[in-house]
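Protein chains in written order, with our numbering: chain A, 1 to 466; chain B, 467 to 932.
Heads up, some of the hints might be wrong.
From the structure, some residues in chain B lie toward chain A, with a derived Cβ separation under 7 Å [stated by the list, open to error]:
#: 1; residue: Gly509
#: 2; residue: Ser510
#: 3; residue: Ile512
#: 4; residue: Ala513
#: 5; residue: Cys537
#: 6; residue: Val624
#: 7; residue: His625
#: 8; residue: Pro627
#: 9; residue: Gln639
#: 10; residue: Phe641
#: 11; residue: Arg656
#: 12; residue: Glu708
#: 13; residue: Phe709
#: 14; residue: Val811
#: 15; residue: Trp885
#: 16; residue: Phe932
Treat the hints as calculated values from the structure; they're not laboratory data.
Just so it is clear, CB atoms sit at the ideal spot from N, CA and C, and this is done for glycine as well.
Protein chains: 2
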Amino acid sequence: MARTLIKDVLTTPPTGQEITIGGWVRTVRNSKGGFSFLALNDGSTIAQLQVVADGKLPNYAAELVKLTAGCAVLATGTLVQSQGKGQTVELQATAVQVLGWADPEAYPIQPKKHTFEFLRTQAHLRARTNTFAAVTRIRNVVSMAIHDFFQQRGFIYVHTPIITASDCEGAGQMFRVTTLEANPPAGAPRPDPNDDFFGRPTYLTVSGQLEGETYACAMGNIYTFGPTFRAENSNTPRHLAEFWMVEPEMAFCDLEGDAETAEAFLKHIFRTALERCTKDLEFLSEHVDATVLPTLTAIVASDFERVTYTEAVALLEKSGRTWQYPVGWGTDLQTEHERYLTEEVFRKPVVVTHYPAAIKSFYMRLDDGTAPGRATVAAMDVLVPKIGELIGGSQREERLDVLLQRMAELKLRPEDYWWYLDLRRYGSVPHAGFGLGLERTLQFITGMANIRDVIPYPRAPRSAEF
Amino acid sequence: MARTLIKDVLTTPPTGQEITIGGWVRTVRNSKGGFSFLALNDGSTIAQLQVVADGKLPNYAAELVKLTAGCAVLATGTLVQSQGKGQTVELQATAVQVLGWADPEAYPIQPKKHTFEFLRTQAHLRARTNTFAAVTRIRNVVSMAIHDFFQQRGFIYVHTPIITASDCEGAGQMFRVTTLEANPPAGAPRPDPNDDFFGRPTYLTVSGQLEGETYACAMGNIYTFGPTFRAENSNTPRHLAEFWMVEPEMAFCDLEGDAETAEAFLKHIFRTALERCTKDLEFLSEHVDATVLPTLTAIVASDFERVTYTEAVALLEKSGRTWQYPVGWGTDLQTEHERYLTEEVFRKPVVVTHYPAAIKSFYMRLDDGTAPGRATVAAMDVLVPKIGELIGGSQREERLDVLLQRMAELKLRPEDYWWYLDLRRYGSVPHAGFGLGLERTLQFITGMANIRDVIPYPRAPRSAEF
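Chain A extracted, bound-state conformation:
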């Protein structure tokens, strides 16, 4: 079934040759003059191709006049200059084959405005709407921009494990993976963890970073790009139980190199989206969030600001604002603080560095020479308008003695981290990395208010349909 994509039809001058288009009818207009205009969409572009079906086509009266939104057709014909508004070409059909009907009484995606809430209940069909098809194409382009950025710089794509026996960072927010009877009858003997598939308790990963470090300490620069999980009971427009994360890790790299890479990375993603998803972003700017295009354009042209956590806290304290969460040296920055810094103080993305050790993870490198009680680590968060933190990263603690000391303070058992500690025992190198959540990034790029609308099948508390 050779067919031409509508996006190619619309970007290539017509040759006069006969072509075949496959697509789904968006709208139909039956002219009194005895012919019909079908607006076809095939998912390759947000634009429709108009097909003119002449009343002389053999199946015109029996089938074509009965076409409605959602029907699937194959249309063959030649492209001609269009007389209609808003299009340059149209297909003068010599044959229109109806492949699948869509009963207008039952088909949920009628040509009218649907709420995003309703469309979430129809997630298997919502990519047939302009908004969700645009988000799907942008998600594809952004995913490839992520790969391109790292591949062009010689990073190696590494698949870190999804099922993990280490519950290192999860602390009660991990999903258990098991083949044991998950719902044994009352009074049944207690299941033996040793009988489980892996012979031990296992979980869904919350991050590929620790395994990523092992590969950076062999291959140099690597990145992961895969699903991660949080069993966090957060029913918000910003949280998913399953989401995709990008985690680069660079050997022979310090915090400064980490921040430079993060800035270049974000600009590359946004620039690629602007260049390759122009029509989809224009559509979303018009229908979803008018700030999308100017925000992305401004960020690509900006130089990210750098401030230390200590400087940031001083700015917040002297702001004169009343905060929902009080701010002071030692407290973590909340979204309200982050947005104030990036939206109002600097009016561009901000890289905040050197956070207090007490509020950051055990593996972040302890800064030299900080005062007692004011210990900081070589951590960084990249803040952007509307979202707050989009990237979190750090230089890693490469000194075995310092790392062991820090783990002891946090009551982490070295034997649970034997392989992670080996990296500091054998050929240890300064290294750094960061994490970017794909869906938060897509929310930022598309302007979609609810994170469940930028992933095909969202997973959230009490929600795993499809």
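Since chain A is already given, all that's left is putting chain B on it; use the hints.
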């Protein structure tokens, strides 16, 4: 810490400018003349760069003469023509900074031959060996070749869900995902599945196909590339509990288009590996499997054979062979049969089509006009030497009535598949797709005998370390 990658050093003519290399020592030779040769590897290429450290360097006696395999260094200097065998340039060092030591008494990766079994226990360090670093680079190139193939053809990359509430195809081979107490004490009240995170039983996906179909029926051509899971108690060199799978799905496509895409896809992957991983494949040909290069080269140049299942069974029956698994119309083909067809009958890849309906999945399209009791479906398997089936696919059943009839025969409940059936209710189109396991493909390309050696952290029964 700006550094130059060794792969760039070796492919660019020396400029005389000072450069810095970061890497791990593979071997050391201390010359009696008062200088040392360090063979450095940084993961960017299989080749080592020789660094010449002069005895006049300030840390020569205190540090550099003590370097051993596995130590990490930063070496600065200029490239000069090398006098040594097997290398064109070497780095004349003006400074060598030792970043991390590796006690030769304790470091597990000594410069000698290690068994793959031993290295599996050191999976966090095994990418520091030539073989596993080569496999890692090939895995990266193959992963990107997969993306490139589909992106060049306008396919949209779609992330189908990992956690799923449908146990459609799993039939007892799925991992359960839960936040319920997985190991309740004896006598504890039976946990209520309604209290689980998603309010219902959930599992790890075995395939993204069904959700992929929903996106193909909106976007046209899509593909997935993500982790999939089997809780199958198979402790073999061919099975993993967690592996990465590629699943394209094409709307307006029949079995013939499916087979053509699969053939072009495999050739693209193999051609890309040959072009971009030449040195790594040469190394593996020399040290792991001598047939790797000729096999890949032959396949890229071949035209895949096409036979029907019925023809294939006739060939097997008249072979005169004694089979471990008896063959006859209606039985599934085993690896011994598949290998005979591709290795001995046709001596090239074979696409076997139109299998008996009774041995294939419910969603495969029923062939028209097959005799009663001999019903076949529009399925295909692509067979390659040494492995047997590498790709399995089909045209999907797009006719609602035929699909419902088939589901009734298999006692599948339509209400469990309401959204899948909707695709046949509204704008149904002929569509087709296939699945390729990344790790099987990598086994084929690299010649690695055990599938656990082509994924960073293999997951298998009783094995989830790291």
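**OP:** List, from low to high, the hint numbers that the structure doesn't satisfy.
**Re:** 3, 4, 9, 13 and 14
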